[in-house]
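S.K.: Listed here are the chains, written in short residue letters.
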Amino acid sequence: MNYISQSAAKAFELIASFDPDVYFIVWTSIKLATTSALLATLAGVPLGLFLAIKNIKGKRIIATLLNTLMAVPTVVVGLLVYSFLTRQALLGSWGLLFTPSAIIIGQFILACPIITAMVFSTAQGNNKHILKTAYGLGANHYQAIKTLLWEIKTPLLAALMAGFGRVIGEVGISMILGGNIYRVTRTMTTAIALETSKGEFSLALALGFVLLLIALTINGCVQYFSYQAEK
Amino acid sequence: MKKFLLSLLALILFISPTLAIDVIKLATTTSTDNSGLLAKLLPPFESRYGARVDVIAVGTGKAIKLGENGDVDVVLVHARTAEDKFVANGFGINRRDVMYNDFVILGPQNDPAGVRSAKTAAEALEKIATKKAVFISRGDDSGTDKKEKELWQAANITPSGSWYNAVGQGMGATMQIANEKQSYTLADRATYLAYMNKIDSKIVFAGEDSLFNPYGVIAVNPARHKKSNYMGAMALIAWLTSVDGQKIIKDFQINSQPLFIPVAIK
Numbered sequence: 001m002n003y004i005s006q007s008a009a010k011a012f013e014l015i016a017s018f019d020p021d022v023y024f025i026v027w028t029s030i031k032l033a034t035t036s037a038l039l040a041t042l043a044g045v046p047l048g049l050f051l052a053i054k055n056i057k058g059k060r061i062i063a064t065l066l067n068t069l070m071a072v073p074t075v076v077v078g079l080l081v082y083s084f085l086t087r088q089a090l091l092g093s094w095g096l097l098f099t100p101s102a103i104i105i106g107q108f109i110l111a112c113p114i115i116t117a118m119v120f121s122t123a124q125g126n127n128k129h130i131l132k133t134a135y136g137l138g139a140n141h142y143q144a145i146k147t148l149l150w151e152i153k154t155p156l157l158a159a160l161m162a163g164f165g166r167v168i169g170e171v172g173i174s175m176i177l178g179g180n181i182y183r184v185t186r187t188m189t190t191a192i193a194l195e196t197s198k199g200e201f202s203l204a205l206a207l208g209f210v211l212l213l214i215a216l217t218i219n220g221c222v223q224y225f226s227y228q229a230e231k
Numbered sequence: 001m002k003k004f005l006l007s008l009l010a011l012i013l014f015i016s017p018t019l020a021i022d023v024i025k026l027a028t029t030t031s032t033d034n035s036g037l038l039a040k041l042l043p044p045f046e047s048r049y050g051a052r053v054d055v056i057a058v059g060t061g062k063a064i065k066l067g068e069n070g071d072v073d074v075v076l077v078h079a080r081t082a083e084d085k086f087v088a089n090g091f092g093i094n095r096r097d098v099m100y101n102d103f104v105i106l107g108p109q110n111d112p113a114g115v116r117s118a119k120t121a122a123e124a125l126e127k128i129a130t131k132k133a134v135f136i137s138r139g140d141d142s143g144t145d146k147k148e149k150e151l152w153q154a155a156n157i158t159p160s161g162s163w164y165n166a167v168g169q170g171m172g173a174t175m176q177i178a179n180e181k182q183s184y185t186l187a188d189r190a191t192y193l194a195y196m197n198k199i200d201s202k203i204v205f206a207g208e209d210s211l212f213n214p215y216g217v218i219a220v221n222p223a224r225h226k227k228s229n230y231m232g233a234m235a236l237i238a239w240l241t242s243v244d245g246q247k248i249i250k251d252f253q254i255n256s257q258p259l260f261i262p263v264a265i266k
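First to last, the sequence lines map onto chains A and B. Quick note on UniProt numbering: the first sequence kicks off at 1 and runs consecutively. Quick note on UniProt numbering: the second sequence kicks off at 1 and runs consecutively.
Take these hints with a grain of salt, some might be off.
What the hints assert, rightly or not - BS3-like, lysine-lysine: derived pairs with alpha carbons at most 30 angstroms apart:
#, chain 1, residue 1, chain 2, residue 2
1, A, Lys31, B, Lys40
2, A, Lys10, B, Lys146
3, B, Lys227, B, Lys250
4, B, Lys146, B, Lys40
5, B, Lys202, A, Lys10
6, A, Lys31, B, Lys198
7, A, Lys31, B, Lys227
8, B, Lys198, A, Lys10
9, A, Lys10, B, Lys181
Said to hold, decoys possible - In silico negatives: residues of chain B with every beta carbon more than 10 angstroms from chain A:
#, residue
10, Asp54
11, Gly70
12, Arg95
13, Ile248
To be verified - A few chain B residues that face chain A, going by a derived Cβ cut-off under 8 angstroms, partial list only:
#, residue
14, Lys25
15, Val55
16, Ile56
17, Asp71
18, Lys131
19, Ser162
20, Trp163
21, Asn165
22, Gly170
23, Gly172
24, Ala173
25, Gln176
26, Lys202
27, His225
Calculated directly from the structure, the hints in this document are not laboratory data. We treat Cβ as the ideally placed atom computed from N, Cα and C, and that holds for glycine.
Let the sequences and hints guide you as you build the complete structure.
M.R.: As structure tokens, this is what we get:
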């Protein structure tokens, strides 16, 4: 028990003293997760809108598929992307394996279904009338979509946050595709796994604490935006 | 919207890795990394050559696979048979001996299987198997794992049953599991010394020829993988086997015990 409390004290010391290693790892995680979540939003919003607005058959099947994809284990995504990026494979010549870009690709695939599904359900639910009203007021297609996007901006932000929350805490993709390279692809989660295996609990605890704080912030934001959206 | 897209593009460009400096990808074993050797050995090389070495610490088996696939430029591993095969099949070239240490059998202080009285490694394993004392195996095709399999074979035992646990993890994690479960395991001396103060496990058998543990460094054959950073790999091999590099290996000690013995310059 003494050992744990010592490690915890050391952990807070690391955070409070702005330990460069801790902050570099936190920064790596945040920038990778931000990029993936933004890219996933860029792809997920049009996709979600398209699915919601167009009258296509099999919407239920698509919704089920999206929900399934939301539950795909991160290691499976990692494995699939790995099999495309290794030198022997299709995209091997790009040399992306064990780079930050590889992690971004994996996290993008992880976040995309969540964001698409959230946009889909929002746009599907109560926003058909927005389009109708916009067309009724003489808007063209582009203007109508713009109006819709503006009207659902808070749930969109919530979707972005949810995507970010999903990728910042994942470990499978970062470990398999990033290789846990010091100062390059070492993220909070892979560092925690490594430090725990090394028996260095203080750094692991410090990172775990930061991760919890981020999760709390993200969930607070999602709650806030969802609340705003309902109002 | 345009502004948003532009700033996003800027962000992506900002994040993508800088290509200006030479990046050398090194696949190595968890023992060289977990023990802290590479943290001493690589920074002087990186500053001298303006290069960056990306270390991917996995088991020897995986490291060699990464080399075969061309996913890395150079491998630093410890499993001579697998290394020779790697070179013979044309995947690797310019193998050099770098250093060595030895494997040790770790066990709980009270040594329930009585391994301390064993004369040979094979006898030690025999005692563990007869007693069905819990043994934690790396089970990850690493150099240590290959050595362990070899030792079981030499003892004419096929380990199986609930006392034999293959955990599929790195050396550090495996030792910690062995420590928590008060059981036996095979470890390389370097990682054991690095962890000595964190675990209660003790060396119960060591010092036999069959436990010799040599490390070699091999460049990935550029004829096989044209995009591999062959020059970087050779610069790193030169550094590891240079007078300066070998001295860093020699001076790397924990509790005034050397972790590795340099062997490139005889």
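S.K.: Checked against the structure, which of the hints given earlier come out wrong?
M.R.: 2, 3, 6, 10, 11, 18, 19, 20, 21 and 26
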